[in-house]
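> These protein sequence lines map, in sequence, to chains A and B.
Counting from 1, one number per residue, gives the positions in the first sequence under the numbering used here.
Counting from 1001, one number per residue, gives the positions in the second sequence under the numbering used here.
Just so you know, these hints were derived from the structure itself, not from any lab.
Values in this document were obtained by computation on a predicted structure and should not be read as measured data.
Some clues are possibly wrong.
Unchecked claim - A few chain A residues that don't get close to chain B, going by computed Cβ distances all over 10 angstroms:
| # | residue |
| --- | --- |
| 1 | G48 |
| 2 | N55 |
| 3 | G65 |
| 4 | R70 |
| 5 | P73 |
| 6 | E85 |
| 7 | S89 |
| 8 | D96 |
| 9 | G103 |
| 10 | G106 |
| 11 | S113 |
| 12 | A236 |
| 13 | L239 |
| 14 | D261 |
| 15 | V262 |
| 16 | I280 |
To be verified - Calculated pairs, DSBU-like style, for lysine-lysine (alpha carbon to alpha carbon, straight line, at most 35 angstroms):
| # | chain 1 | residue 1 | chain 2 | residue 2 |
| --- | --- | --- | --- | --- |
| 17 | A | K155 | B | K1257 |
| 18 | A | K141 | A | K210 |
| 19 | B | K1167 | A | K203 |
| 20 | A | K203 | A | K141 |
By construction, the Cβ of each residue, glycine as well, lies at the ideal position given by its N, Cα and C atoms.
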Amino acid sequence: MTIALTINNLEKRYAGAQALKGISFSVQQGEFLALLGPNGAGKSTTIGIICGLVNKTGGTVSVFGHDIDRDFPRAKKQVGLVPQEFNFSQFEKVYDVVVTQAGYYGIPASVASARAEHYLKRLGLWEKRDAQTRMLSGGMKRRLMIARALVHEPKLLILDEPTAGVDIELRRSMWEFLREINRAGTTIILTTHYLEEAESLCKRVCIIDKGVIVEDTDTRSLLAKLSMETFLLDIAEPLAAPPALAGFTCRLAEPALLEVDVPRGRAMNELFAALDAAGIRVTSLRNRANRLEELFVSLVQGTLPGGAPAGAPIAAPAAAIAGGKP
Amino acid sequence: MNAFETWIAFQTIVVREVRRFLRIWVQTLLPPAITMALYFVIFGSLIGSRIGEMGGYDYMQYIVPGLVMMAVITNAYANVVSSFFSIKFQHSIEELLVSPVPNHVILCGFVAGGVLRGLMVGVIVTLLSLLFTTLSVHHLGIMALVVTLTAIVFSLGGFINAMYATKFDDISIVPTFVLTPLTYFGGVFYSIDLLPPFWQALSLANPIVYMVNAYRYGILGVSDVSVGLSLGMLLALAVVLYLWAIRLLDTGTGIRK
Chain A
1 MTIALTINNL EKRYAGAQAL KGISFSVQQG EFLALLGPNG AGKSTTIGII CGLVNKTGGT
61 VSVFGHDIDR DFPRAKKQVG LVPQEFNFSQ FEKVYDVVVT QAGYYGIPAS VASARAEHYL
121 KRLGLWEKRD AQTRMLSGGM KRRLMIARAL VHEPKLLILD EPTAGVDIEL RRSMWEFLRE
181 INRAGTTIIL TTHYLEEAES LCKRVCIIDK GVIVEDTDTR SLLAKLSMET FLLDIAEPLA
241 APPALAGFTC RLAEPALLEV DVPRGRAMNE LFAALDAAGI RVTSLRNRAN RLEELFVSLV
301 QGTLPGGAPA GAPIAAPAAA IAGGKP
Chain B
1001 MNAFETWIAF QTIVVREVRR FLRIWVQTLL PPAITMALYF VIFGSLIGSR IGEMGGYDYM
1061 QYIVPGLVMM AVITNAYANV VSSFFSIKFQ HSIEELLVSP VPNHVILCGF VAGGVLRGLM
1121 VGVIVTLLSL LFTTLSVHHL GIMALVVTLT AIVFSLGGFI NAMYATKFDD ISIVPTFVLT
1181 PLTYFGGVFY SIDLLPPFWQ ALSLANPIVY MVNAYRYGIL GVSDVSVGLS LGMLLALAVV
1241 LYLWAIRLLD TGTGIRK
């Protein structure tokens, strides 16, 4: 299988600080990889180096076999970047932003126009094509950056927190769009603070903290490292206090919503038997979302049993996850 | 990128630049027209009639080439410095940095934008001057070469300024404190032969004196300095500034972390 991206011993030193301490990983063609990490972990620096926005101080990067030191133009042609911050001219028209970007890749106007129309329509921006970009909503601006990143039809798409500040409905439609282009063959690397997003979209997760990779595995194996899984149970009759169920930890999220920690390996039947014995009728059951969030916190705090050794605990990982970047 | 793709990329940058200064023509094309019309009225018609002849021409005819050059210099510089700094400020420079466009093409594209605005303003000012005086062209080739090279030199200067600039103040310091005094003392309004020897010698250290005089030679056929030396200096300046600017782009000064 073709390797889309190879990063070897990548280093970046800023004045007085080492942002990347020799990270290595590779991405296969067609993969959908989540690159996770708390603020300042080195995710954006890594992406910046791959795309030519940051000068590396050591190591090698190659994109579809093109080394960025030897043939950066060819490597850049393979990559599309959706950055974290809006970085288009505020005074240009939506259509012009996309067509101009195609021009930078040497794509003739006739081809660029057709592609701009296709991607703007696909991302629901065609009606806004003559609007100045500053008139767009936050979600539209994010979609415009996706259209712009795709206009030269890259084989590797890198998205740096593409759904930050986007409402749930739009986020879901963007997920579906990303799944679709991944199925069509585009390799995708995604950084996100919404760990539910990584869990839902990515088959593989790479966690970076303080410039080193603390975990690089497939999402399913990573989730299997959870020693406990939490379920939310809607119960028929509200309770005043959480019930005492032997072997399970219960909390009342609301009078009629029970949160139960089920140790890995315990059968769900045992839980239901205990609930039955306590006279509690369950009307519905769901897994608590953001399971990856717990793992993430454990990994960057170095408390996950069997996990890769992590650096010193970070300042406020949970806040970083919940709130995104300041 | 192959030659065709490179040409498309260059064209894209130039079209974007031209579209930008045409879109904001009230800020880019109209002000020099108004400023220069005022110069023509005040210095040419009102005061000039009392000054009489200079260099064998009436004062109005004498200052027209200098005023055209002043407008070209200011506008070529302003176009590149403000356009490039603004894409740095808005981070839309990243659109270029992530693309495979070679640095030479980026530089040439922005310089071409500056040259086109400089020349467009030059044409506007020249047409305006015809409302006040008559002009004949002494040497079209020299006139065209000098004005184009001057626009290239100052576009490159604007580009270098924008590369180093980190805030808006930084893009107005050079035009205000360097370009304006050099232009006013660059023989736009007078022949340096009128100055005392010390000031005459000092004026010869001002590159704008050579540009203004070479252009004046192209139109009127008179110059205070050697036209050959002026052209050589312009070429040398263009080469040095080009190499400086391309070095800044290659190292990513001010644009890459």
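> Hint by hint, say whether it matches the structure.
We went through each hint and held it up to the structure:
1. G48: 7 angstroms, violated
2. N55: 5 angstroms, violated
3. G65: 16 angstroms, holds
4. R70: 14 angstroms, holds
5. P73: Nearest chain B Cβ is 4 angstroms from P73(A), so the label is violated.
6. E85: The assertion about E85(A) is violated, with a minimum of 6 angstroms to chain B.
7. S89: 5 angstroms, violated
8. D96: 8 angstroms, violated
9. G103: G103(A) is in fact no farther than 10 angstroms from some Cβ atom of chain B, at 3 angstroms.
10. G106: Answer for G106(A): violated, closest chain B Cβ roughly 2 angstroms.
11. S113: Consistent with the label, S113(A) stays out of reach of chain B, its closest Cβ about 13 angstroms off (over 10 angstroms).
12. A236: 55 angstroms, holds
13. L239: 53 angstroms, holds
14. D261: 44 angstroms, holds
15. V262: 46 angstroms, holds
16. I280: Given a closest Cβ separation of 55 angstroms, the condition holds.
17. K155(A) with K1257(B): 25 angstroms, holds
18. K141(A) with K210(A): 30 angstroms, holds
19. K1167(B) with K203(A): 44 angstroms, violated
20. K203(A) with K141(A): Status holds; Cα separation ~27 angstroms.
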